[in-house]
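Engineer: Spelled out, the chains give:
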Amino acid sequence: MKFAQAWSLGKQAVSDNEKTENMSVNPNTFVQTYIAEAHALLQEMEGILLKLENDPHDADSIDALFRAAHTIKGSAGMFNLDPIVEFTHIVEDVLVRVRDGNVEIVADLLAVLLDSCDYILHLVEVVAEQGEQLDEVAHAREAGLRKRLQVYRADDHAVEADSQATRDKIASKAVPSAAGKGSEVSSDNWHISLRFGQNILREGLDPLYMIRYLSSLGDIVSITTLPDAMPEAAEMDAEAFYLGFEIDLKSAAKKETIADVFEFVLDGSLIHILPPHSKTTEYVELIRSLPEDEIRVGEILVATGALTRQELQDSLSAQQHSVHSDGSTTLIGEILIEQGSVKQEVLQAALDKQAQAKDRKSNESRFIRVQTDKLDELISLVGELVTAGAGANLLAHRSNNTPLKEATSVMCGLVEEIRDSSLNLRMVQIGETFKHFQRVVRDVGRELGKEIDLIITGGESELDKTLIEKISDPLMHLVRNAIDHGIESAETRKAAGKPAKGTIRFNAYHDSSSIEIEVSDDGAGLNRDRILQKARERGLIPVGVTPSDQEIYNLIFEAGFSTAEVVTNLSGRGVGMDVVSRNIASLRGSVHLDSVPGSGTTVRIRLPLTLAIIDGFRVGVGKSSYVVPLDMVLECIELTEAERQETHERNYLNLRGEVLPYVLLREHFEIEGAGARRENVVVVQYGGQKAGLVVDELMGEFQIVIKPLGKIFSNLRGIDGSTILGSGEVALILDVPSLVQMAIARESQLVSRH
Amino acid sequence: MTIYTAAALKKELMEHLTEPCEREIDLSEVSKMDSAGIQLLIMAKRETTRHKTPLRLIGHSLAVLEIFNTYNMAAYFSDPVSLS
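Chains as they are written, first to last, in the numbering used here: chain A, 138 to 891; chain B, 34 to 117.
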């Protein structure tokens with residue numbers, strides 16, 4: 138079976154290669170596939186292990202765990218990655234014992250297995266990816282892990298050797314045993330002999346399922362189905378049951394557990410369960426009680442390894458049945474053909490193959506693996522297409538040629554769809570990223586002696602893959618902060634009347650064309666006074682000024698700001714929150730923090746869904762064009778001369794009874810020349826705050842491909858990037874969040890001055 | 034091929050089993066098979082062996098392979114199991 142699986146994996150790799158053959162043949166393709174697969178499998182294993190922590194008896198998970206380890210080992214063998222094979226083999230061994238119920242799942246075992254997963258990942262990185270040898274540190278690590286794993290497979294070697302020997306037992310154990318009455322047989326398998334009542338199928342029971350269930354209790358070493366009881370075709374009743382079974386089971390289960398399998402079988406059935414090392418006399422009794430010919434049954438027992446030939450002969454002769462023994466040679470020949478192990482292997486291979494083909498087919502039809510480079514190339518081409526499309530559209534509109542105009546407008550519609558769907562290709566569910574943190578929460582929580590649950594919601598929200606990669610580190614900071622500073626120790630929590638177990642929540646949801654990610658904890662909340670005190674010490678806030686709570690909380694995003702009394706190796710050194718905030722700002726996102734003393738802190742990260750192409754709203758100031766991301770534009774209103782005069786001093790205007798602070802872009806960007814006679818206000822919104830941008834001209838909406846600005850411009854406030862218009866002109870993309878902040882800051886300054 | 038269809042299937046099988054010719058049973062469409070189902074195949078095999086008229090099982094579906102595996106009956110029928 139192991140062979141078959143490895144073999145078909147090999148086939149898969151080969152067929153993968155065949156597919157790519159026409160494009161480019163990379164000798165590393167196989168290994169690359171293996172590495173990607175191993176990464177995915179290890180991640181899966183980690184997930185399962187964490188799940189098992191809560192539900193240690195989930196048989197499906199244990200099976201999946203074993204399969205994953207087995208596949209990692211099997212495929213590593215194909216590439217001669219011996220260090221991986223050797224170590225994973227040990228892990229697999231332990232998992233077999235877990236699966237068979239020989240080892241209980243305890244916290245320590247899970248910890249070892251998690252560490253082993255980490256180590257296998259390291260092996261994959263070093264041995265498979267870099268093709269290097271392991272260093273001393275790794276060897277020491279492996280030795281440590283091997284030692285810890287050994288505990289769980291301590292008495293395993295004996296059993297393992299045994300299972301391999303089972304098949305050859307007929308030959309190898311033909312050593313005369315202490316013959317005679319009452320001696321024990323050498324086989325350490327259970328022997329189960331089943332003859333069911335004919336009505337069992339009509340009762341709604343099918344022995345098939347009992348036998349399948351039996352195989353979950355242990356390893357069915359052999360099974361012989363005896364159709365002897367079935368009458369001639371004419372008399373045979375299709376709804377009656379005639380088959381008998383002789384089963385050898387290797388299992389650590391108790392007799393009651395095995396007997397329970399057949400609990401519902403009614404009277405009229407003969408069920409014999411002989412424990413390992415039963416007395417030969419018990420076997421003799423069994424043989425005699427069965428309806429079939431004694432010699433036939435005896436031969437089956439020998440063939441399946443329940444009895445050695447010597448034991449059979451001894452016991453039967455002891456019972457004065459040696460008369461029959463002359464016919465036995467022919468019989469055993471027949472049985473061996475029936476049991477032909479070659480056939481059985483072929484069958485097993487066929488079964489495995491079919492099951493795998495089925496799995497693979499369903500997977501293949503749902504996913505294909507594409508290199509991100511190819512996707513990026515596609516998206517950049519789509520970007521060019523958008524620009525070119527806009528150019529064509531512009532020319533068409535100037536030409537006064539109506540059919541041309543129509544044609545280009547249809548084309549632009551299609552380009553828009555292509556843009557959306559190609560950007561969608563890069564969208565990845567954020568849930569996977571969240572799941573990584575399960576491990577972090579567990580490990581860090583344990584290190585600090587805190588019990589913490591991680592609750593994930595909204596994991597299906599999608600986000601551009603490049604963004605997901607970049608958001609991972611900031612999220613890690615936030616989680617560590619929440620565990621270290623947010624969640625209190627169990628005693629403190631109990632004293633505060635909260636459950637001893639802390640909770641960290643991850644939530645994500647889409648909001649217009651942004652995604653909002655929340656990381657919240659139910660800990661103590663931020664210490665407002667302490668932050669204020671620290672801020673005063675550092676001179677961030679002048680004495681006598683009392684900022685709002687929100688402003689105080691936002692101080693923790695300042696560089697080097699830490700209120701932690703104890704610097705742990707996790708957090709508290711004052712680097713962190715400012716890095717988080719800077720990283721997120723570089724992704725055109727923003728961070729907000731809410732905190733309620735005593736009941737927790739919530740950090741909200743708002744990010745655009747993609748970095749590449751956006752719908753923009755083009756405005757003109759003087760001769761320059763600017764672009765406002767369309768999803769932030771609420772409305773456009775005209776700024777009359779009268780209003781302008783009236784509001785010039787205070788920089789805010791009355792929008793249907795609301796105060797709307799505004800920024801004069803002409804002033805802000807120091808554009809020369811007098812303002813146009815008519816000015817417009819573009820009302821923009823970001824993060825729940827509104828502001829107005831005063832511009833000369835409104836030029837309509839269109840798609841823009843964002844081109845980042847060079848480093849020289851990184852200090853420019855209010856500019857986020859640039860884009861090339863269809864006409865070939867360059868337009869600057871406005872950084873709405875910072876403009877909104879600026880307008881509001883100026884407004885509050887003005888207000889406090891008055 | 035389950036207990037629910039066994040009686041009807043047996044009747045159908047019996048009609049075909051008596052004629053002295055080679056026969057094949059295509060199992061590729063079998064989506065479910067239980068003990069009653071495999072018993073029918075055993076019966077058919079035994080009957081044809083007795084009359085010395087070959088019976089071949091072909092196109093074993095996954096359901097068939099699974100029960101053959103559980104009952105270890107592949108050798109009994111001794112038909113080649115396709116690896117496709």
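By construction, these hints were calculated from the structure, which means they are not laboratory data.
Do not take every clue at face value.
[To be verified] For the chain B half of the interface with chain A, some residues (derived, Cβ under 8 Å), not all of them:
1. LEU42
2. LEU60
3. THR82
[Stated by the list, open to error] Pairwise CB distance ranges (calculated):
4. LYS44(B) with GLY341(A): 40 to 50 Å
5. ARG339(A) with THR82(B): 50 to 60 Å
6. ARG89(B) with GLU554(A): 47 to 57 Å
7. THR82(B) with LYS188(A): 21 to 31 Å
8. ALA244(A) with THR82(B): 53 to 63 Å
9. LYS44(B) with GLU393(A): 34 to 44 Å
10. THR82(B) with HIS259(A): 58 to 68 Å
11. GLY92(B) with SER352(A): 44 to 54 Å
[Said to hold, decoys possible] Computed from the model, here is a short list of chain B residues facing chain A with C-beta under 10 Å:
12. MET47
13. PRO87
14. MET106
Glycine included, C-beta positions come from ideal geometry on N, C-alpha and C.
Engineer: So, for every hint listed, does it hold in this structure?
Structural biologist: Now for the hints, and whether the structure bears them out:
1. Hint on LEU42(B) holds. Least Cβ distance to chain A is approximately 7 Å, under the 8 Å limit.
2. Residue-level restraint check for LEU60(B) is violated (minimum Cβ-Cβ distance to chain A is 13 Å; threshold 8 Å).
3. With 8 Å as the threshold, the beta carbon of THR82(B) stays out of range of chain A, its nearest partner Cβ sitting at about 11 Å, so the hint is violated.
4. For the pair LYS44(B) and GLY341(A), the beta carbons lie near 23 Å from each other, so the given range of 40 to 50 Å is not met.
5. For ARG339(A) and THR82(B), the Cβ-Cβ distance of about 28 Å falls outside the hinted range of 50 to 60 Å, so the restraint is violated.
6. For ARG89(B) and GLU554(A), the hinted distance range of 47 to 57 Å is satisfied, since their beta carbons lie about 55 Å from each other.
7. About 51 Å separates the C-beta atoms of THR82(B) and LYS188(A), a value inconsistent with the hinted range of 21 to 31 Å.
8. Roughly 58 Å separates the CB atoms of ALA244(A) and THR82(B), a value that falls within the hinted 53 to 63 Å.
9. Between LYS44(B) and GLU393(A), the C-beta spacing of about 43 Å keeps the proposed range 34 to 44 Å intact.
10. Evaluation of the 58 to 68 Å hint for THR82(B) and HIS259(A) yields a pass: the beta carbon distance comes to about 59 Å.
11. About 26 Å separates the C-beta atoms of GLY92(B) and SER352(A), a value inconsistent with the hinted range of 44 to 54 Å.
12. Of the supplied interface hints, the one on MET47(B) holds, with its beta-carbon coming within about 7 Å of a beta-carbon of chain A, less than 10 Å.
13. A hinted interface residue such as PRO87(B) counts as satisfied when its beta carbon comes closer than 10 Å to some beta carbon of chain A; here the least separation is about 16 Å, so the hint is violated.
14. Given the 10 Å rule on beta carbons, the hint for MET106(B) holds: about 6 Å separates it from the nearest Cβ of chain A.
Comparing the model with each numbered hint stated earlier shows that hints 2, 3, 4, 5, 7, 11 and 13 do not hold.
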